[in-house]
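We have chain A; now place chain B onto it with these hints.
Below, each chain spelled out in residue letters.
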Amino acid sequence: MITRFALICLIGLIFAGSNSLYAQKIAVGDITDLYAATKQLSQFIKRFNNEEDRQGVAYDPKSKLYREPEQRKQYLKLLFDEQSIAIPQSLRTSFIADVTRNEHPVFLDFFAGEWFAEVKVAVSYNGKEEEAVLFMELEKAGQGYKWVIDRVYFRPYAPYIRHTTKNPNNFLHPQSHELGFMNLNRVFESPATAEDYTSKDYHPPEHLDIFMYDLRRGVIKFITVNDTRFHFFQIKGWYFEVANFNRPGLNSGWLINNLVQLPPEQKNVMLNYIYRENR
Amino acid sequence: MNRLIKTFSILTFLLVAALYAQAQSVNITPERKRAIDSLALEKVRDLSKYISIIGDKATSMTESQRVIERTMELFMEGAQMGVSSLNRKGVRYYPVQKYLERLRALNYQRVNIEWYNIQYISDLVQQPDGRFVGVITIYQRFEGVMEDGMRYVDVTKKDITVYVERKQQQIGGRLIGFWDVLLGDIKVTETKRG
Chain A
1 MITRFALICL IGLIFAGSNS LYAQKIAVGD ITDLYAATKQ LSQFIKRFNN
51 EEDRQGVAYD PKSKLYREPE QRKQYLKLLF DEQSIAIPQS LRTSFIADVT
101 RNEHPVFLDF FAGEWFAEVK VAVSYNGKEE EAVLFMELEK AGQGYKWVID
151 RVYFRPYAPY IRHTTKNPNN FLHPQSHELG FMNLNRVFES PATAEDYTSK
201 DYHPPEHLDI FMYDLRRGVI KFITVNDTRF HFFQIKGWYF EVANFNRPGL
251 NSGWLINNLV QLPPEQKNVM LNYIYRENR
Chain B
1 MNRLIKTFSI LTFLLVAALY AQAQSVNITP ERKRAIDSLA LEKVRDLSKY
51 ISIIGDKATS MTESQRVIER TMELFMEGAQ MGVSSLNRKG VRYYPVQKYL
101 ERLRALNYQR VNIEWYNIQY ISDLVQQPDG RFVGVITIYQ RFEGVMEDGM
151 RYVDVTKKDI TVYVERKQQQ IGGRLIGFWD VLLGDIKVTE TKRG
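As given, the protein sequences belong to chains A and B, one line each in that order.
With my numbering applied, the first sequence has no gaps in its numbers, which climb one by one up to 279 at the end.
With my numbering applied, the second sequence has no gaps in its numbers, which climb one by one up to 194 at the end.
Same shape as in the complex, but just chain A (with noise of 0.2 Å):
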């Protein structure tokens, strides 16, 4: 409780002067609430870094203050999620000082790399509302980058798509050419099993390939899109998940929600669980 009035108190004073001639028009209480918000991604980074002065002007990199440490362990308190439980305080103070340690401090790049976008897509599905989960990624092209779909989750997808190894009991014996693979029929009465009866060189395919099928087809029909989040691995030892809360106060915009120390050999376990790989 003392700690979150502190924090408060430490926006309150870190904003209090960025009030312009605007502010005496309205009221201070929401300038302030406007400044304190990190009202995009961009702005997540400088100052997850520490790029940029109290209203958001980028410092010029040959400046002092630019990455200055103890402004920068300041703002790194207030990008996270106030209201998130799943944050104990002790592994934010460790997190921080990891990141802010003064050997090697650790930045955050746009385009190193190892982050990437979740969006959930309300889309109509054979004419029913369904949600689709792209993950995007920003990639190099051309002159510059642009974000693709790198994967995707569909969960009307899921039940027929097997991950499973073959059953070894399942095939066509090699003689079968001889009936004229009149036994095929198994395959096709019973297309749960039917992919062991493939080669081993098929792979299942990926809701990707299924999805752009299906668009291609016009089956599926962008709706909107209802939710954006960002996951972080680019800190090593540090997994973390950004989202946007737009809500009243001084704790709004995009923040932390999820933080957790993962080391490298349980990064997998953590991808596969975000791209739901594992349901």
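Since the hints were derived computationally from the structure, they do not count as laboratory data.
Misleading hints may appear alongside valid ones.
Keeping only pairs whose Cα atoms sit at most 30 Å apart, straight-line, the calculated DSBU-like set for lysine-lysine is [what the hints assert, rightly or not]:
#, chain 1, residue 1, chain 2, residue 2
1, B, 33, A, 221
2, B, 33, A, 73
3, A, 62, A, 140
4, B, 89, A, 146
5, A, 62, B, 33
Simulated DEER-style distance windows between Cβ atoms [said to hold, decoys possible]:
#, chain 1, residue 1, chain 2, residue 2, range
6, A, 102, B, 45, 39 to 45 Å
7, B, 58, A, 105, 56 to 62 Å
8, B, 123, A, 216, 33 to 39 Å
Being a predicted model, the structure only gives us computed values, none of them experimental.
Every residue, glycine too, gets a C-beta built ideally from N, C-alpha and C.
Using the frame of chain A, we list chain B on its own:
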């Protein structure tokens, strides 16, 4: 008058030349970025001014049509307005022209738009076709007063896409390349009702 035109031409030329110099380099220096940001903010301010005029009942139909046309000149072709709300999931999409026509149809007696002096401008990032793209975030207080005195007030967060695009223009018989700023898709997030 001639002197004014001459001064304006010189200023335009200097701006064009400055932006042209930037085209030669992929990395935009902080100084160049500030110049581009300021040009982009000018366009955003124009947009705000035009929205006030379009939404105001005192504006004649002919005048509002003219202002809608002027507003469309600020935008890239195909730009959309995305509207989201605290009260529902998802984003609703309107072509900018349709959004402006809907605004005109709201028919407020008076529209007052105030800006919180908060603009957050992202870095400009180069996209595959060479154009640079950035996002300006602003907060805007919209107050619409109906004929019966009822007021509608909201504070909205606007995330405005800004494209910095290379163009060519004839100046004094010479074809000069320069970078122009155009607005793209805008996402309006309804923050709260006042």
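Quick check: which numbered hints come out false for this structure?
-> Structure breaks hint 1 only.
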